[in-house]
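**Student:** In order, the protein sequences belong to chains A and B.
Converting from the first sequence to this note's numbering requires adding 35 to each position, the first position being numbered 1.
Converting from the second sequence to this note's numbering requires adding 8 to each position, the first position being numbered 1.
No farther apart than 25 Å at their CA atoms in a straight line, the calculated lysine-lysine pairs in the DSS-like style are these:
#1 157/B - 41/A
#2 157/B - 147/B
#3 317/B - 275/B
#4 115/A - 158/B
#5 273/B - 325/B
#6 275/B - 325/B
#7 98/B - 203/A
#8 275/B - 309/B
#9 157/B - 115/A
#10 158/B - 147/B
#11 197/B - 157/B
#12 115/A - 41/A
#13 158/B - 197/B
#14 41/A - 158/B
#15 147/B - 195/B
Everything labelled a hint here was simulated from the structure, so no lab data went into it.
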Amino acid sequence: MASLAKSLNREFQNYLAFEKEHTRATLFFSVSPLIKLLHTVWLLLVVNTFLPDPRFWATLSFGLLLISLMVRINFSRLMKFVVILGILYPLIVAIPILFITPGNVWATIPLGEWITSNPNAFTITITNEGIMVAGIYFLRIFTNVTVVAFLILSTPFTHIIHALRQLKVPTVFTSLLMLTYRYFFFFFENLVSIIQADESRHVRKLPFIQRFAHLSNLFGNLLLRSLHQGVNVHRAMLARGYNGEFPLLEFSSNRKATIIYIAIILVYLGLGCFFYFIW
Amino acid sequence: MPTAKSTTNSTTQPTTVPVIVFEDVSFSYHSQVQILHNLSFSVNQGDAMVFLGENGSGKSTLFLNLLHLVSGHSGSIVVENLEVSRKTEKKVRQRVGIIFQNSNDQLFLPTVKEEIAFGPYNLGFSGEDLENRIIHAAKSIGVDDILDKKIFHLSQGEKKRVAIAAVYAMDPEIYLFDEPFANLDPKTKTDLAQILLELHQQGKTILLISHDLDRLPEFFTRAIVLHAGAKTFDGTLRDLYSHSEILTQANLQVPSVVELYNLVKNKLMERNPHLIEKIGGEIPANPKSIPIPITINEFSKILDRTLDKILEQILEKTN
Ligand SMILES: Nc1ncnc2c1ncn2[C@@H]1O[C@H](COP(=O)(O)OP(=O)(O)OP(=O)(O)O)[C@@H](O)[C@H]1O
Ligand SMILES: [Mg+2]
Numbered sequence: 036m037a038s039l040a041k042s043l044n045r046e047f048q049n050y051l052a053f054e055k056e057h058t059r060a061t062l063f064f065s066v067s068p069l070i071k072l073l074h075t076v077w078l079l080l081v082v083n084t085f086l087p088d089p090r091f092w093a094t095l096s097f098g099l100l101l102i103s104l105m106v107r108i109n110f111s112r113l114m115k116f117v118v119i120l121g122i123l124y125p126l127i128v129a130i131p132i133l134f135i136t137p138g139n140v141w142a143t144i145p146l147g148e149w150i151t152s153n154p155n156a157f158t159i160t161i162t163n164e165g166i167m168v169a170g171i172y173f174l175r176i177f178t179n180v181t182v183v184a185f186l187i188l189s190t191p192f193t194h195i196i197h198a199l200r201q202l203k204v205p206t207v208f209t210s211l212l213m214l215t216y217r218y219f220f221f222f223f224e225n226l227v228s229i230i231q232a233d234e235s236r237h238v239r240k241l242p243f244i245q246r247f248a249h250l251s252n253l254f255g256n257l258l259l260r261s262l263h264q265g266v267n268v269h270r271a272m273l274a275r276g277y278n279g280e281f282p283l284l285e286f287s288s289n290r291k292a293t294i295i296y297i298a299i300i301l302v303y304l305g306l307g308c309f310f311y312f313i314w
Numbered sequence: 009m010p011t012a013k014s015t016t017n018s019t020t021q022p023t024t025v026p027v028i029v030f031e032d033v034s035f036s037y038h039s040q041v042q043i044l045h046n047l048s049f050s051v052n053q054g055d056a057m058v059f060l061g062e063n064g065s066g067k068s069t070l071f072l073n074l075l076h077l078v079s080g081h082s083g084s085i086v087v088e089n090l091e092v093s094r095k096t097e098k099k100v101r102q103r104v105g106i107i108f109q110n111s112n113d114q115l116f117l118p119t120v121k122e123e124i125a126f127g128p129y130n131l132g133f134s135g136e137d138l139e140n141r142i143i144h145a146a147k148s149i150g151v152d153d154i155l156d157k158k159i160f161h162l163s164q165g166e167k168k169r170v171a172i173a174a175v176y177a178m179d180p181e182i183y184l185f186d187e188p189f190a191n192l193d194p195k196t197k198t199d200l201a202q203i204l205l206e207l208h209q210q211g212k213t214i215l216l217i218s219h220d221l222d223r224l225p226e227f228f229t230r231a232i233v234l235h236a237g238a239k240t241f242d243g244t245l246r247d248l249y250s251h252s253e254i255l256t257q258a259n260l261q262v263p264s265v266v267e268l269y270n271l272v273k274n275k276l277m278e279r280n281p282h283l284i285e286k287i288g289g290e291i292p293a294n295p296k297s298i299p300i301p302i303t304i305n306e307f308s309k310i311l312d313r314t315l316d317k318i319l320e321q322i323l324e325k326t327n
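Generate coordinates for the entire structure from the input sequences, incorporating the hints supplied.
**Tutor:** Listed below in structure tokens is the structure:
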């Protein structure tokens, strides 16, 4: 358990550290973060509001994955991001939808019979509608995650904060974002140390109820500890004169790259309109 | 100006301008429990001062109050003629830099370079000026070879250095160190002591929290002891070492050199009380007036004198 948590933590830290070594060398990296951010927000709006069409979602996420290969975003990291957030999370939420949506029966699982060998025990039914709704839901989240991952893995966190400030997002929100970001680091680090400390203390397995009470205790401890560290970080920021801004070092966005980026957006916009309205 | 002069010659002659004045300061967090009790003291420019006290005695809380990182104290805290309050906190924080107990909680940007840039950037530096500040701080504190590293990948010792460099880059007049020696290996501790010495020689005022009197660099001459949030001692370290009851109350031990000195002295007394009288110098007969050696150097001199005297006596006898 501890070693699993440890390797999970390492993965997570690495992946939150948003390493951009691969993208750094490309023109894409020097596109103005503001434009990238605006484009991302716009894509999210289109996905969720203007064009809630599963065929569009599928095309978009597939297209983004292809492009990320071209601009040398670290592909394995992108896949992890997309898999963890974009597949696991919606699966957990989407699976119940499979079962609870009423409609034409697609399959019946005699779960009760398997367990109790009583033919009258409860059964689970999956409906066609259930499959549709769950599938759409899954695809939607998957697309959203891909869009966000595309921005995050090609843009340092401080650049995103800076862009948000350019958009006049109040410092309260950018600070909150920054602290949340740090909070995740703490959360996982503490998770590892708490599990390790706990395992070293328990040689014998506790009975289930005790184990449960114990775990909820640990979890409370984890939250408190991470929160406490969050407060400390905020103090450290204030102590060095924090006023909502972070320095952008050795980075000036490249006008040419930005123009190319905008041009590409316009081209696919045009193509999109063409297919949508004329076809 | 005392500051201009002090860069070359302040080790021996600290000026007597008070830069920090606490007057009757009390503080409690949101709860009813009072943490600091009517503290009064002042610190002069160029002082190197150590805060001692048991765990939970309020040392870190005192530092937080000094920078107005917690609010609601009663009494008055004045830093370089500024009364610490919400209004003045920005200016106070420009003059006072703090290195926290746990470097993990102090570093929040992805890379070392960004971390060091943060402070001077907030002071308004940019472009080449900012770059120069970063390079200068990194070189002075010895982190110039890890500038591009990710904070997450650093060792504890490196993190501590980065935390110091990040403050150094803002060039404050006053440094607060909250248990800087904790969790460091001996070599890194020695390096850190060297950094402290350099800051002291530049005429900076240094306030340091510690539990380990052995590790304290020699130029720390003054100590304040807190016990349960109240001041129980304010004076020189040399004086403090002869007040064992205060040390015990604060869960402290005298440094090994003092212990060693007492051991040697007692053994000599047991064997030959007259010898002690004859030695004179640093081990006089009357234990009350003993100036306790607090550095290895001082102890070594006393030991030399003692051994010489003993040898002298042996030779006299054999002749
Ligand atoms: N945010 C807080 N809210 C309430 N009480 C606090 C808070 N932070 C610290 N305390 C309490 O204030 C007291 C003094 O804490 P402080 O951290 O200043 O002690 P310290 O002398 O630095 O101890 P240590 O040597 O362990 O670092 C402790 O009893 C602690 O529990
Ligand atoms: Mg403390």
